[in-house]
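Protein chains in written order, with my numbering: chain A, 39 to 195; chain B, 16 to 591; chain C, -13 to 322.
Because the hints were derived from the structure by calculation, they are not lab data. Predicted, not measured: the structure shown is a model, and the values here were computed from it. Where hints are given, some of them may not hold.
So the derived label-pair ranges between C-beta atoms look like this [said to hold, decoys possible]:
1) Asp98(A) x Thr489(B): 30 to 40 Å
2) Lys472(B) x Val193(A): 54 to 64 Å
3) Tyr105(A) x Lys313(C): 31 to 41 Å
Within a straight-line C-alpha distance of at most 25 Å, the following computed SDA-like cross-link-like pairs (lysine to any residue) qualify [to be verified]:
4) Lys151(A) x Met315(C)
5) Lys561(B) x Trp209(C)
6) Lys291(C) x Gly589(B)
Built from N, CA and C at the ideal position, the CB exists for glycine as well.
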Amino acid sequence: MEYEVRAESFRLEINENVYQRFSAYIESYNYNVESGGILVGILDPSHNSIIITDITEPFDRDRQTRYGFHRMEKGHQEKMDQLWEQSDFKKTYLGEWHTHKQKRPCPSNIDIKNWIKISKKNIHNSQRLFFIIVGTEEIGVWMVVHDMVKKLEVVEN
Amino acid sequence: MNRFFYESLVDDLNAKRGVVFLAKESSQQKYVATFFGCVKIMDGSSINLVIAFDKYFPLRLPVFYVNDDNIFRVHVESDGKICLYDKSSILINKDMPEQILLDCFDQAIKILNILPGTDEYNQEIFREFDAYWMKTAKHRWVYSCFNTSEVTYNEYNMLFASKICVVAKTENDASVMAYNSLNAERKESDFYKKCLVIRLRKKSALINIKKNYKWKELRNYILNNISSSYKKKFEKFLQKKAKRILQYIFLVYGTSMGDIVFGFRVDIWNKKYLQISNAVNAKIDPVYIRRIDYNYLLARVERRATLKDKRVLLLGAGSIGGFVANNLCQMGVTQLDILDMDTFHEENVCRHFLGFDSAVNSIMTYKADLLKAQLEKMYPYVDIDSLNYANRSVEEFLEKPERFENYDIIISALGEPTLNLEINRIIYQKQIVTPLVCCFNEPYGIGGHVIISNLDKNSCLQCLYTKINASEITSFRGSLVEEGQSFKKNVSGCSGAFVPYSSLDSQQTAILATRLIVKVLLEEIKENTMETWIGSSDELMLNHFKTSQYYNIISASKVCTKNDFGNCHCVVCGGE
Amino acid sequence: MLDLQKEFIKFQENIKLDDENQKLRDKRDILLKKLKNTISDDAASYSTFNQGSYAMGTGIYPEDEDYDIDVGIKFNIDKDDYSDPLEPKMWVKDALDGHTKKVEVRRSCVTVTYQENGESAYHVDFAIYAADNADEKMYIAKGKTYSDDEHRYWEVSDPQGLIKAIKNKYSGDDALQFRRVIRYMKKWKSHNFSSNGDSAPTGIALTILAYDGGFSINKKYDWATGKYIYDDFSALCNLVYNIKKRFSYSWSSEAGQMCHTMSLSLPVEPYNDLFVKMTDKQMENFYQKINKMLEKLNEVKGKTKRSEACTILVELFGEDFPVTVDKSMVGTSESA
Chain A
39 MEYEVRAESF
49 RLEINENVYQ
59 RFSAYIESYN
69 YNVESGGILV
79 GILDPSHNSI
89 IITDITEPFD
99 RDRQTRYGFH
109 RMEKGHQEKM
119 DQLWEQSDFK
129 KTYLGEWHTH
139 KQKRPCPSNI
149 DIKNWIKISK
159 KNIHNSQRLF
169 FIIVGTEEIG
179 VWMVVHDMVK
189 KLEVVEN
Chain B
16 MNRFFYESLV
26 DDLNAKRGVV
36 FLAKESSQQK
46 YVATFFGCVK
56 IMDGSSINLV
66 IAFDKYFPLR
76 LPVFYVNDDN
86 IFRVHVESDG
96 KICLYDKSSI
106 LINKDMPEQI
116 LLDCFDQAIK
126 ILNILPGTDE
136 YNQEIFREFD
146 AYWMKTAKHR
156 WVYSCFNTSE
166 VTYNEYNMLF
176 ASKICVVAKT
186 ENDASVMAYN
196 SLNAERKESD
206 FYKKCLVIRL
216 RKKSALINIK
226 KNYKWKELRN
236 YILNNISSSY
246 KKKFEKFLQK
256 KAKRILQYIF
266 LVYGTSMGDI
276 VFGFRVDIWN
286 KKYLQISNAV
296 NAKIDPVYIR
306 RIDYNYLLAR
316 VERRATLKDK
326 RVLLLGAGSI
336 GGFVANNLCQ
346 MGVTQLDILD
356 MDTFHEENVC
366 RHFLGFDSAV
376 NSIMTYKADL
386 LKAQLEKMYP
396 YVDIDSLNYA
406 NRSVEEFLEK
416 PERFENYDII
426 ISALGEPTLN
436 LEINRIIYQK
446 QIVTPLVCCF
456 NEPYGIGGHV
466 IISNLDKNSC
476 LQCLYTKINA
486 SEITSFRGSL
496 VEEGQSFKKN
506 VSGCSGAFVP
516 YSSLDSQQTA
526 ILATRLIVKV
536 LLEEIKENTM
546 ETWIGSSDEL
556 MLNHFKTSQY
566 YNIISASKVC
576 TKNDFGNCHC
586 VVCGGE
Chain C
-13 MLDLQKEFIK
-3 FQENIKLDDE
7 NQKLRDKRDI
17 LLKKLKNTIS
27 DDAASYSTFN
37 QGSYAMGTGI
47 YPEDEDYDID
57 VGIKFNIDKD
67 DYSDPLEPKM
77 WVKDALDGHT
87 KKVEVRRSCV
97 TVTYQENGES
107 AYHVDFAIYA
117 ADNADEKMYI
127 AKGKTYSDDE
137 HRYWEVSDPQ
147 GLIKAIKNKY
157 SGDDALQFRR
167 VIRYMKKWKS
177 HNFSSNGDSA
187 PTGIALTILA
197 YDGGFSINKK
207 YDWATGKYIY
217 DDFSALCNLV
227 YNIKKRFSYS
237 WSSEAGQMCH
247 TMSLSLPVEP
257 YNDLFVKMTD
267 KQMENFYQKI
277 NKMLEKLNEV
287 KGKTKRSEAC
297 TILVELFGED
307 FPVTVDKSMV
317 GTSESA
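Chain A with its partners taken away, still in its complex shape (with noise of 0.2 Å):
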């Protein structure tokens, strides 16, 4: 699947076993609780794109409830380092997904605050993050431009 954002000259590319996690969700969660993780992936700056490669999904420290998930750093920075050092250290933090009981998923506040407070940390190799919500039909694409939440559009092939 490839997205663009209007205005910004880069694609976001994700892999079909990531697309492919991701419509399992779709097709067979319970949406009892919600789920997430990160997203991780590589940079390709002569194509201008971004790809999402791989994604970590909840470990047990992570709380996972109706309405939440408050995802924790152990468990996903191992996993993280493992993808990065296979990858010959290319493989980075692209930032975060997860599961709402949506039909055509749509961020919260606390979802807004959270992504505006990851984007604005200098710490992150990628300039973009990137935010998905699974949402029981469809996956929304969103990243942070000047403080602001955008959504990305699916670019038809």
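Based on these hints, arrange chains B and C on the given structure of chain A.
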């Protein structure tokens, strides 16, 4: 051994040295055989001599006694026993008893031939004066803690506490010493008394050691051997009229080997008021001085009096820090500030200078406080501040880095490279000139490091943590173990995590660190230096860890010194 | 400054192409076999040698997959016996004609373009030499089929001397850095100049710029490991800086403007100017690109994030340069 054995030995001596020693019963039970004879010495006089063997001969040397007069002789104790040798410097060949007796006899004669007025005599007197004076003074002694080098003609203070007496420059000095360091019990009957402390003129005659002195004799000795300005003051004292007076007088005699201090208790009682000078009834008792002043205590270490004035900051009172603190105090550092936020527990005992008693101390728990208490108890002049403000954390301390400027040296025994680098960065940035010494162990006894920086601008601590070809931070480049291995051991959970090294490793690192710290304080080291002691890799290998390339390069030596560790990519100093 | 040595080494591995490459050897050997089997009996005896960048150890994969293989053919003839240098060239052309897609006689070589089914195109340039001359030098046959006499001649040439000079300039690990940095320059060239080769400096020109004082070994002794640590990035920066300095700025009547130009001689015979084919305007363009490259490299020096440094280097060298990133800190996240 039977009598015949000793007699044959002495016969041999008689034959070879042309003397006549004959067996004779002695009243002293501790000897199994005694021989009496007479020897002639260089000034023509004869001395009656006793040779005595105890049952341990030849493991113990025969004893020679001067059996006559009251004449004072060097190396001859008050009971007449001649001190033949310093035992620590000779090795007795016990299979040659005849030779032992001959050698001892020759040595005895040599000693008896040291005559008054000769250089050797004077040298010996200087060296042994305290020992002789102690014998002379018998039970009469006082502690002194004044700095003898400051003495001119002074009126100092004596504190008479129960069982002890202390002479000091001020009453306060005397009381601190008596009650805090000497643990004297404070009693209402304690009292202060003034005393005279007078420096004798250079190259004046040292007083003859005798058992009894007359007042006139002492008075004249003092008058004849002090400079004219002191003489006026002393004469003034002598002109005072008194009926009954008890005066202590302490005299300081300078020699090339340091000051000799000896004292007198002058007890005068007249029937009417008379000038002290002309007192009729006076009892003069020699007083032995037990010197516990800083210079004297340190004289055996080497002359490092300047360390007393150095202000030292020690960050970290753990395994290495504890030993460093103790070593520094022994070397003569007196002004030490210790910052550490940890508490001391039983499990620390086997890796720390402090002991079990500290771990179970019910009043104090912090390592810094316990070290302060322990070291101040051990070393009377040490003044330790355990920096008990804020939260005792280094991070907090770094909030006001200008504090570093108050010190002559900063020692980090934190073992936390991140904090060490932060200190390094701050002192560089703020242009603080205080030298920084970081010391830490490597695991499993493979070695330890002491890094001195901020002495020159060619390198800094961060150079050692900077890649050789980039300004990126990397793990310690001088490490003796291969990068990327984790040595933390866990006994119980995170708080119990520790790096495996023993107390000996910490002591070794602390010794190396202290040597270098002293050199830095005495300005004997002027450039940034990394010193590494190199231990065995056996235990490391046994635990399936690997040594670093650097270890392999330097492992042939025991200690490796490096000065040129500057790195041009270093973002702090830009290296050289 | 970041440590980018791993990235540069990986980059080099991605672009490096040399004589050890089996695909290249195979392609060359097929043609040489063909030549041997079909060359006319009238032709003189010959021997062959590899020349060009692959032989010098400075070859890179071509952007367009059009491999360029250089082979020297030394005929055992005296140039004075062959007043027309085209004659030995035709021995080669005629032998290979018909066996491949296209064989053409070019000014300095006979070029055979070859394409197997489904495989990428490649061409082999056969440089034809007279090797048995009275003065013991080698001469290359110059001229095309329809060239007039003026453009048909034997030119003294020392291709093996050139290879030797480049190969012997440094030894051991130093030589490897020398070759790596030349490869970086060549990759930069192919990424930054349009495929119309004339406007760009030739590969040999870039090689000689490095050879002739522009490059110096950049390595540092590491007391901790007892080894030398190579710094290709700094060596490259230094080379680019030296190339920039080599230009002189003067009035060009040819371009009608001030231009940055330089001349550079081949270090072996015939000592020709390696920029002779570039116009002053093209040289100015070359200069501007070098200047831009230097700016970008300096920008890299100031970067503390690996991803940002690599992004600039991708801009300079293309996607063969790996985009590595620093360790990610994932922190925590709250969503509802």
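Quick check: which numbered hints come out false for this structure?
Result: no hint breaks.
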